[in-house]
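With the hints as your guide, set chain B onto chain A.
Number of protein chains: 2
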Amino acid sequence: MFTFKVLKNDESTNARLGEINTAHGVVETPAFMPVATHATVKSMTSEEIEDMGFRILIANAYHLYLRPGHKTIEKMGGLHKFMSWDHTITTDSGGYQVLSLSQTRKIKSDGVVFRSHLDGSEHYFTPKKCIEIQESLGVEIMMCLDECPPYPSTKEYMEKSIKLTTNWAKLCRESKTRTDNALFGIVQGGVYQELRKKSAQELMEIGFEGYALGGLGIGEDPENTYDAIEGTLQFLPLHKPRYLMGLGKPEDIVIAVSMGVDIFDCVIPTRNARNGTLFTSDGKLVIKNAQFAEDERPIDEGCECYTCRTFSRAYLRHLYLAKETLVLRLLTLHNLYYYSQLMKEIRDSIRHGNFPNLLSRVKSIGGY
Amino acid sequence: MFTFKVLKNDESTNARLGEINTAHGVVETPAFMPVATHATVKSMTSEEIEDMGFRILIANAYHLYLRPGHKTIEKMGGLHKFMSWDHTITTDSGGYQVLSLSQTRKIKSDGVVFRSHLDGSEHYFTPKKCIEIQESLGVEIMMCLDECPPYPSTKEYMEKSIKLTTNWAKLCRESKTRTDNALFGIVQGGVYQELRKKSAQELMEIGFEGYALGGLGIGEDPENTYDAIEGTLQFLPLHKPRYLMGLGKPEDIVIAVSMGVDIFDCVIPTRNARNGTLFTSDGKLVIKNAQFAEDERPIDEGCECYTCRTFSRAYLRHLYLAKETLVLRLLTLHNLYYYSQLMKEIRDSIRHGNFPNLLSRVKSIGGY
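Chains as they are written, first to last, in the working numbering: chain A, 176 to 543; chain B, 176 to 543.
Among the hints, erroneous ones may be present.
In silico DMTMM-like cross-links for lysine to aspartate or glutamate, where the CA-CA straight-line distance does not exceed 20 Å [said to hold, decoys possible]:
{"#": "1", "chain 1": "A", "residue 1": "Lys519", "chain 2": "A", "residue 2": "Glu476"}
{"#": "2", "chain 1": "B", "residue 1": "Lys250", "chain 2": "A", "residue 2": "Glu469"}
{"#": "3", "chain 1": "A", "residue 1": "Lys217", "chain 2": "B", "residue 2": "Glu426"}
{"#": "4", "chain 1": "A", "residue 1": "Lys256", "chain 2": "A", "residue 2": "Glu310"}
{"#": "5", "chain 1": "B", "residue 1": "Lys459", "chain 2": "B", "residue 2": "Glu426"}
{"#": "6", "chain 1": "A", "residue 1": "Lys250", "chain 2": "B", "residue 2": "Asp470"}
Simulated from the structure, these hints should not be mistaken for laboratory data.
For reference, chain A alone in the conformation it holds in the complex (with noise of 0.2 Å):
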């Protein structure tokens, strides 16, 4: 079972509020997922996810792929029970992955054969055996398996990789095998928009309950970055979910629901925390800082996060100073809270038909 609905349109931006429904619940859109890569939201329990409000999180099939196993999953009663999360799951395909990681990797036309970064054997990735690894996981939203170009690529080079991307996404497509999921293709074509159109038309041809915009972020200027957003939206069906690949600065989010984006993922809160850098509403904190050393105020003064509610900058300054692993949770968990509200805010606001106001207030914090 997967199904989405649109509940309400914006009346000036493209902006809407929806619903995905799953075998595990409901997820009010626009929704952000945090990235739990390896079956764990870095330093999180899934407990501590669920209370910030989150119903829907990302995982990667090629890292769960080659460690533990997806089979090891399977037998241990599917992700959701593996990593104790019961609500909504979507894997990223690994395409990404298998590029960006492994030592050494060969693209054919049907698949990739590369070895893993964690042990150096061999493995032959297709898209059938990629349908098959989110299969045995058991999630919801599954991704397909795509070729995710570097920045700058050249038009011919993207041209024959959105070809490929396009076939892979068809194989990916008839491999499936459950029916109570999502299968999402994947628009890449970088920066070009007569490309992205093309890659968006050849995957809404196939058929998909949901589609991702790949390819972006990966260095191109950020003005590129929104026309191609906005290029590609433009194409796709407006009762199908979009999901904006591995982007998601605060300003990034409000930007892309207002051209209709439902659905995010990005490691920034997370790694971000981990680094020592925080959202507040005031702009970025750094908590290493000097100025911090007998701050008795919390990291934002307005936030209602268990870490804010607790410690003072002070504590937590001095925690990452002598690299205490508490400080990953409490940083961690202060940055999601604060996406979880943004997104929650984002979501209330378009339902009360003041979207665009704060779209202009975050766009005013800018700073990240």
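Positioned in the frame of chain A, the structure of chain B alone reads:
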């Protein structure tokens, strides 16, 4: 305010049930103090420590003096507020760390000159300074500055060392300005029974609110350790709490309790957790072992900690091999829960007159 009373003496051993009262509440004894060296029990929040049932923990004056500085903590409202722990705190003086961690150090009759292990800066630790630091932190139980000679040490060296420790203890006692907390003397003397007796008697002449057994578990034979504990305890007053420093495998704890020890601290539950070694009712379990790769059971089927209620051995092994920091939390939580239950069982068994049964049961598990 600091009081201690013995509520019940075991009939067939020297074990005793007791109660410490401080400005931060009641501590039932025998008690185990989780180690919070840098003002955090590694990877745990104070709330989790409290939820497990602990009402006392131990921080380290030397480490907090160097970073973030005791004056900073005092300005932030004291150590309790700083780390959000509203129960009793002990601080180790840091004598042991001054001698073990600092790159260069020189012991003088009135203190120690040493270089910081963090930045090489030179510091002068005197008994007076040591008390000043602990009073700034605002803890309930302060420890005297002592010298903990390595094992083995000659009797001649040990005799000189005891003299120094007694002298420092006297200076600590004289430096104490607060009347709302306790100062414990530390009995040294290594495995030389007559020197431990001498050390104990000299400290008792000065007079302290409690007495600690130091310099044990540093390489000597376990038999010598137990002899030294028993040998020391017979000279200590029955109406004062006795604290065995740094030693605390489950077996050590029950044996020392049977000899009359009231308070323990040890890094074993937390450090072992970080190394993937877990305490269970059947003995130790090494989570990385291949045999757990597809084991759906919790670490310990009889355990009710969050980790055991929520996650399988297979999942924990996966996190451990993937070096995911979440596993540090989950395993530490389990091991500390094991200790909290052990201490509760010890107290209940003394209360109900069946401590000897518990003693033989824990001794029979062994194997840590």
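The hints, checked one at a time:
no., hint, verdict
1, A:Lys519 / A:Glu476, "holds, 19 Å"
2, B:Lys250 / A:Glu469, "holds, 7 Å"
3, A:Lys217 / B:Glu426, "violated, 35 Å"
4, A:Lys256 / A:Glu310, "holds, 14 Å"
5, B:Lys459 / B:Glu426, "holds, 12 Å"
6, A:Lys250 / B:Asp470, "holds, 10 Å"
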